[in-house]
Amino acid sequence: MLPRDALGLGLRRPHYTHLFEHWPAVDYFEAISENFLTPALPPRERLDAVRARYPVVLHGVGLNLLGHAPLDEDYLDALGRLADRVDAPFVSDHLCWTGAHGVSHHDLLPTPYVPELIALAAERAAYVQRRLGRPFGLENLSSYVTFARSTMTEWDFYAAVVREAGCSFMLDVNNIYVSSQNHGFDPEDYLRAVDFSRVLQVHVAGHSREADGTLVDTHDHPVPDPVWSLYARAWRMGGPFPTLVEWDERIPPMPVVLAELDRAKGARA
Amino acid sequence: MITPPPPAWLAALQDRFGAVLRTPLARATGTLTAVVVAYDPDAVRDARDAHNATAAERLAVYNRQYWFRLFGVMQTAFPLTTRLLGHWRFNDYAARFLLAHPPHHWALDRVPDGFAPFLAEALDPSDAREALVEAARIDTAWRELFRAPAVAPFRPTAADAARLLDARLVPSPATALVAEHFPLLELKADLASIPGEAPVPAPARLPHPRWWMLLREPDGVRQLPLAPLEGELLALLARHTVRDALARLEAACTEAERDALPSHAQRWLARSVERGFWATLRGGG
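Protein chains in written order, with my numbering: chain A, 1 to 269; chain B, 1001 to 1285.
For the record, the hints were derived by calculation from the structure and aren't laboratory data.
Positions of the beta carbon are idealized from the N, C-alpha and C atoms, including for glycine.
Take the hints with a grain of salt, since some may be wrong.
Cβ pair distances, simulated, as ranges [unchecked claim]:
1. B:Pro1201 with A:Val256: 45 to 51 Å
2. B:Leu1099 with A:Ile251: 27 to 33 Å
3. B:Pro1149 with A:Leu76: 18 to 24 Å
For reference, chain B alone in the conformation it holds in the complex:
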C-alpha cells in the first residue's frame, strides 16, 4: 500500500492523547474519578473548550471510558476472581495490571492475557491468596476453552497403539484439567444467584484436592469429576510420555492403590480418549 506518510504532528498528538486515556483514575473518594490536573498540558491545549465543559473535562470522558471498558473486559474474563475480591479491589489489581501491560492488540479478548500470573505476584498478604490464585487459574482455564479453535479429538489408530508408551499425549485446547483445593467451581456455578459487587467470602479449603475435567461442548462447558489418581494421571500424561507418567504415578501411589493401578490407569486413559481430552500423540515413533 502506498499512502502519503502521516504528518509528524499526528503521531505526537496521538501520543499525548493516549497518555491522557491511560491516566489512572483516582480512588480516594470511594468512586473512580478522572484526575484532569494530571493530564499533559499540551494534550489539553490540543483540544478546545466546549460550551459546557473545559477541554480537560471533555478529555476526561475518554479517560473514564478507557478504564471502565477495560475493567469490564477484565471482569468478564475473570468472573470468579472478581467476585472473590469484590469489584472495587479487583479493579485496583486490574488497573495495576493494565498500567504495566497496556493492550497491544486489536482483539479485546487479549487484554487480560497474563493477568493470572500478575495477580499471583501482586496479591496483598491480607488477601485469601491461595483461593484467589486458584480462582484466577480456573477463570483462565474457562477463557482458554472458549478461545480454542476447532480441534478434532485424538482417535488412536493401530499404529498409535504400538508407539503409545513412548509417546506424549497432547491435551486438546478445548479441554482443561482443574485441581481445586477450594470448592470454587461450585461457587462459580452459584455466582449468577449472588448479585452485587461486594466481595464473596472465599470458601474453606477442601480436606483433599478435587479434580475436574472441563470439556467445551456446543452448549457450554461440561464439568466432569475425576478420581484423584485419575486427575493426577491426566496431569502427568500431559507433561510426560505415557510410560513415564505411569511410572511416576505408580511411585506416588500407596501400596493399596498400586495393586489396582494397572487396570484403573487403563480405564482412565481409555475414558479420557473417549471424552476427547487429547488432541494428538507426539513422538514415540
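Chain A with its partners taken away, still in its complex shape:
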C-alpha cells in the first residue's frame, strides 16, 4: 500500500520527456488504465519504465459500472493483467455509466440516485474488487444534470454503494466542488457522508466556468482556491490519505504540475 500521506501525479504523455530525464520526487503515479490495456508496445514500455522507479496505481474511465448492460469481462481480464503487471496497490474507476446499447460515449455519465440502483452498483463493485484481487475504489463524478427520478442525495447513494460493496472511496474533491456549485448543495454535507477510513485516495484538479456559470470538470487549470479549501477541510475531517493531482488538458510543463503537490502540502498544514 501507499503511505497514507503520499502525494502523486497523474501520468501524462506530455510529461514523459521531463520525467525520464529528471525522475522527480513523486511518491507515486496514477495511470489511466485504458491507455495501457491494449497490446501497443510504446505505452507499455513507458509504463514499465515508470513502474521501475515509482508505485503505480490504476484509474479507469471505461468500466461502465452503472450501464444497463453487464460488465465487460474482456475488459476486466485486461485490467486484471495490467494491475498484476504493475502490482497496483489499488485500482479505481467511477460510479457512473459510460455507454449503453452498444455505444461507448467516452464520458462519465450520472444516473438517477435511487435505492433500486444501490444493490446493482454494489454487487458489481464487489465483483470487480474480488476479480482484481486488490482494493477497488469508486470515484464520485462531476455532474451537470440531476434527474427527476432521484430520491436520494448523491453522497448518500455513494456512501451506500461503497458500504454495501465493501470497496473504497476514491474521493474527488474537485468533483464535489463542481457538482455542489452546479446543483446548489453544501460540499461539506458531502464530506460528512464519507467514511474516511475507507478512502483509498483523494483527487484534486482544476475546472472551467461556462458563460452561464456552470462549472465543467475540465482538468485544464491549476487547482483553484475553493478546491484547496475543500481539500483542507477533508484533510482535517479524515486525513491522512494519499492525494493525487490531475491535469489532463492544456497540460503545462511538469514542474508546474509538480508545484501543485507543494500546494497540497500547504493545504494540509
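Assemble chain B onto chain A, guided by the hints.
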C-alpha cells in the same frame, strides 16, 4: 457474476441520454453549437432544471463534450489530414463519420478506425482529393505503428533460406511502407512549426512517387528513403511469394533496370531483413 438485473427504466433513460449526446452540433453560425430543441423531450424531462440553466442547457454540456472529445481524438489520430483540411472541415467529416460509426469500444484509440476509407468516399470534389486520401493513409500508417504490439523481427535460419522463394514474407506491424505522390511526410515533419487551425495548402504532386520505410523505434518513428524499385519490391513481397514478387518486379522493369535487378533485389531484400521490416515467413515448406 450474479447481480440484480438493472431496472428497465435505466436502459430507456440511457438510450435517451445517449441520443442527446450524439445529437449533431450546428455549424451555421461558424461555431459549433448545441441544438437543444433537437433533444428528445423525454430526455429533457428526465433531467431537472438547475438554478442557473434549464435541463436542456445542462444536457448540452454533455452533448458538446461528446463531440469535442471525439473531434480531439480524431484530430490526434489524423494530424496531417486535419491540417490539410483545416480543423473546421476536418471536424465536419469527422462528425459525419462518427454519426455513421459511433464508438463501440471502451478504447478511445479505436474511435478513428475506418476513417481513412470513409474519408476517401466522402470527400467533396472540390477537395484536393488525392492528396487528402494519401494523407489519411499516412496518418493511418503512423497510428498503426504505435498501436502494434512487441514483435520480434524475422531473422532467417538456414531452413528458412531453403524455402524462401516459395514462401511469403509477413511485414512487421511495427513497420510500414509508404509510397507518396505528394511530399506529405515533409509536411508532416513541419506541422509543429505551422500553428493554427486553418487549412494548409496541399503540396504539388511529385514528378515520381517516393517510397519510404517507416520503422517504430524506442524514441519515435524512423523514416528511411527507399529506391523506387526497392519500394515496389517490398510492396510486392508483402503480397506474394518471393518468387512471384521477383517475377512481377522483373516484368515491370525497363530493359536497363532488368540487368541490375538480381543483385539489387538481393541487396534490398537483405537490407529489409536487417532493418527488421519482416515479422515472419509463411508457407514454402
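Comparing the hints with the structure gives:
| no. | hint | result |
| --- | --- | --- |
| 1 | B:Pro1201 with A:Val256: 45 to 51 Å | 36 Å, violated |
| 2 | B:Leu1099 with A:Ile251: 27 to 33 Å | 30 Å, holds |
| 3 | B:Pro1149 with A:Leu76: 18 to 24 Å | 20 Å, holds |
Hint 1 from the earlier list is the only one contradicted by this structure; the remaining hints agree with it.
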